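Trainee: Sequences are here, hints too, so could you generate the full structure?
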Amino acid sequence: MKASLTLGKVTDFLGLGFFTTLKDLFTGKLEKEDFKDFLRKSVVPLASILLFVGLWHLGAKSLYNTEADFKIAKALKDQGQAAADALTACIASGESSCQPNTLPSPAQVWESFQSLLRDHNIISADKAAFAEKTATLNAKRVAAGKDAIVYTGRPSFVDQIFRSLQTVFAGFLLALLIAVPLGIFIGLSPTLKSSFNWFIQIFKPVSPVVWYLLVFMIVKTILIGSTNDSSFTISFISVGLCSMWATLVNTAMGVSSVDKDYINVAKVLKLGTFQKIFKVVLPSSLPLIFTGLKITLSVAWMVLIAIELLAQSPGLGLFVWEEFQNGANDSNAKIIVAMFAIGIIGFLLDRIMLSIQNWVSFDKTDAI
Amino acid sequence: MSIITENSIIKEVLKTTSFASKDVMLDLKDLKKVYPTPKGDYVVLENLNLQIKKEEFVTIIGHSGCGKTTMLSMIAGLNSISGGNISVLGKHIKGPGPDRGVIFQSPSLMPWMTSLQNVLLGVNQVFPHASKAQRNDIAKYYLQKVGLEDAFHKKASELSQGMQQRVGIARAFAIKPKVLLLDEPFGMLDSLTRGELQDILIEIWNKEKITAVMITHDVDEAIFLADRVVMMTSGPKAKIGDVLDINFKRPRTRKSVLEHDDYYAYRKHLIDFLEH
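Residue numbers (my numbering), protein chains in the order written: chain A, 1 to 368; chain B, 1001 to 1276.
Please keep in mind that the hints were generated in silico from the structure rather than gathered at the bench. Remember, predicted model here, so these are calculated numbers, not experimental data. Some hints here could point you the wrong way.
[Said to hold, decoys possible] Restricting the straight-line Cα-Cα distance to at most 30 Å, the calculated cross-link-like pairs of lysine-lysine (DSBU-like) are:
1. A/Lys270 to B/Lys1039
2. B/Lys1053 to A/Lys270
3. A/Lys276 to B/Lys1155
4. B/Lys1209 to B/Lys1239
5. B/Lys1132 to A/Lys276
6. B/Lys1091 to B/Lys1239
7. B/Lys1239 to B/Lys1032
Mentor: Right under this line is the structure:
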């Protein structure tokens, strides 16, 4: 009972109430009057997922047939009947070298997902073995003042996800550290607001690719002569600069639109500037600041892929790009796996931000 | 937890506030307020003169939009003065300050703070040299006075409108202002809650005797609370139209006021003025 209570609380808190009803169904706790609610919250989403997968399957099958027919017709025209028959047999046998290159089916994507997990397990085991093997040697090297030997093997899919998360959090943190203080200053001072307004209006719509190029120009020169790989630095700074605008605008708006009554109270009590900011202005604009931060995080995650791809910084973006270039038989399926990983992680990040927002916000009805 | 009644700090403050020998606490001289509009200046108040004595409770009534709130917020320092001057104990006011406490029409509490924190916000500002425990005691004393001893740590957003206004009253009294300005503080409450809060207000006021200026629309409220009821003429160019002394003894109870022989004469006087 206690365990289920905590699960319910956790899922409610994260806004995933759907799991609670689903769990209630299996534990037989569902009341009759809850049945409609259950239909709406669990069955309908599940049905729509099934419908989506079904349509995807049919679509992929039809694309596969179109591609296969075209290939066979081309072989017939260029090389004659024998080649066409051989190709038909080859495609039917499932031989990987002659498969049509098109949208993978749900089953293929699932298969690729599992193979990526297996790959991850192998690489993890490899890494662990490597660490064990070099442990004593590294201890000696560190004692002698040399750099430890690190694993330089290929990163697994899961490693790439964690690298991407690192980049996004570094970028998010940068955006937060720049946009929140700057937004407060802009919101407090009409002079600063008018002097910064053009700057915000012009730079807000700039595309991630251009931000990347700009950051690349600057960071490359700053880090000139450094042997370290600057791709991570460049990509997280670009992510931060792309995504900080929502927070900047929302913070400035929140700070400048604090309820007049609160400002009057602060005036009557003659609160100092510092106290006014930290006791009145900031708490009352927190909900808006958090809405901005939520948008910032989701924008950061969205532009990350493009920027990693450009910066050749390890992560999901690079993974997608390499798979596309690779052109192996299961590359397309792996790209779709990455797509789902990106989507699901983006959704979870959004939920986490929403929970934090609900937690810090004084007005519980405010968050959407 | 010991609740202080006569704190040394409060005495200290009272010593410094009671140096002036004159009887006038608040003096409005030839007060004028002009709002510039595209069609020329709009004069809200003109030639407004009013003197309020120490320890006096004055209520102000007048028609909506006549400039009562403008006048009050000018006294509070939240609205600029176009002409004439306002002085507290002979000193011209410059902007807002904690010597003039305000109870706003909406409670204006910080919803993210507890009721204690809301009161402490002012107390910390006015008694910066007191110890933390002393400041806590002051805040708790006034919250107790308004009947919120069980709600020290409740968030302001969790309190009902009436309870929020109680915190507003506690916050205003706790900073020990020389003048208390009340801008229709009970206007948004239902009549039962309004009566309760009037009783609470007058009970604390009887003890503290802080010079008070209160705007109200309610004739009975004006009579029940005031030593003098000031009637303002309708705008534009509003000024003081009439002043009525209320000669009921204090402390008053609602019952004794209602049963007093002069009550209906006072009431008629005010209503005649308003319907004039």
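Trainee: Against each hint, give a clear statement of whether it holds in the structure.
Mentor: Consistency of the hints with the structure:
1. A/Lys270 to B/Lys1039: violated, 36 Å
2. B/Lys1053 to A/Lys270: holds, 25 Å
3. A/Lys276 to B/Lys1155: holds, 19 Å
4. B/Lys1209 to B/Lys1239: holds, 27 Å
5. B/Lys1132 to A/Lys276: Given pair B/Lys1132, A/Lys276 holds - Cα atoms ~20 Å apart, limit 30 Å.
6. B/Lys1091 to B/Lys1239: holds, 22 Å
7. B/Lys1239 to B/Lys1032: Roughly 9 Å separates the two Cα atoms, so the pair holds.
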